[in-house]
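**Q** What follows is each chain in one-letter form.
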Amino acid sequence: MCKECGCGLGGDVKIGGHSHDHGHDHDHDHGHSHEHDHGHHHEPEPGSTRQTVTLQRSLLEKNDRLAEQNRGFFRAKKLLVLNVVSSPGSGKTTFIRETAAQLAGRLRVGVIVGDLATDNDAARLRTAGIPVVQITTGTVCHLDADMISKASAQIDLGNLDLLVIENVGNLVCPADYDLGEDLRVVLLSVTEGEDKPLKYPPMFHSAQVAVVTKSDMAAAAGFDRNLALANLKRVSHHARIFELSSKTGEGMKAWLDFIVEQQSAIKKK
Amino acid sequence: MEEALRMALEQAKTSGASRILMLRLRVGTLSGVVPEALRFAFDVVCRDTMAEGASLEMETVPAACWCPGCRAEFEYVDFMSECPRCHQPSGELRRGRELEIASMEIF
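Taken in sequence, the protein lines are chains A and B.
Heads up: the first sequence begins at 0 in numbering that gives the first Met the number 0, then just goes up one per residue.
Heads up: the second sequence begins at 0 in numbering that gives the first Met the number 0, then just goes up one per residue.
No wet-lab data here; the hints were simulated from the structure.
Predicted, not measured: the structure shown is a model, and the values here were computed from it.
For every residue, glycine included, the Cβ atom is placed at its ideal position computed from N, Cα and C.
Hints may be right or wrong, so weigh each one.
What the hints assert, rightly or not - Only part of the chain B face toward chain A is listed, based on derived beta-carbon distances under 10 Å:
| id | residue |
| --- | --- |
| 1 | Met0 |
| 2 | Met6 |
| 3 | Ala11 |
| 4 | Met21 |
| 5 | Ser80 |
| 6 | Pro88 |
| 7 | Arg93 |
| 8 | Gly95 |
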């Protein structure tokens, strides 16, 4: 379950059609024999001592540890790994499909895609001839490092140069879950409003790359480009910004060249 | 919240406790946490465990950036990651994304 929104209460994670238990590994024994009288009195019972224990542990340490394992594994395979995040409907799948198609002959691309339900996105990518593993998260609103580790085992990473992870459409919770990626890529479509970066600063701040998508619809949507870029630069000033349309191909070249350049940097390491 | 409870139960067992009375978290202002959602989730996951009915306290950690030019921290206010002294933007967040269990009370 997500640490913040309470998602994932019930339902299993399915990876490539197989069901996995998601993190239900807390082994509290149900044989516990505290004879409290259900009055929920929080005061210590006579004779026992109330004590404070210091923990200072990050709730994400387990995920962070697994993400580092993933990162080492991907690095050894000389893979460039992208974690693509955005709100639902920003054009992640089309963007990834076009990226893979237009990199054909330059880089071999595979995709892991996460959604709460259906494998529609995987099907859309598969028909384009891209190797893809679908993770259906059930009620979980984000992907985590463990899911990525399991999904990676179902894709032939040895034959890939670029692994693109399409996260669940959500600008809140995925921000906290490192998957072991090299670059976090946040999408902002022109139809969403220029103030998205200001509304969801943790996600935009955490991204190394920001992509403004659906630029062909900018005029129809009344998109204020300068305002959107100013907002993006305010929150994610350290991010590389691209503006493109996956549909018309406008602006794609700069993005593709950037990916090829990033991939060759990894190959050399 | 499941992870918080898992850690708390693990620690409580080690300490030989029979009840968890209170859990104190440190939550950064940029952690993305919605306190109300966290409280709701906490109550749900604690049911039928030794933490049932436990209270949840949250300590807020203000976000701060590091300015390499001034070699000093500054507070990250209103999404502005610009140093108030030299006006250079900073990409290094030093605090504010915390989500930790600080301590708990048991008996």
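**Q** Next, verify each hint and record whether it holds.
**A** Comparing the hints with the structure gives:
no.: 1; hint: Met0; verdict: holds, 6 Å
no.: 2; hint: Met6; verdict: holds, 6 Å
no.: 3; hint: Ala11; verdict: holds, 8 Å
no.: 4; hint: Met21; verdict: holds, 8 Å
no.: 5; hint: Ser80; verdict: holds, 6 Å
no.: 6; hint: Pro88; verdict: holds, 4 Å
no.: 7; hint: Arg93; verdict: violated, 13 Å
no.: 8; hint: Gly95; verdict: holds, 9 Å
Hint violations for this structure: number 7 only, all remaining hints satisfied.
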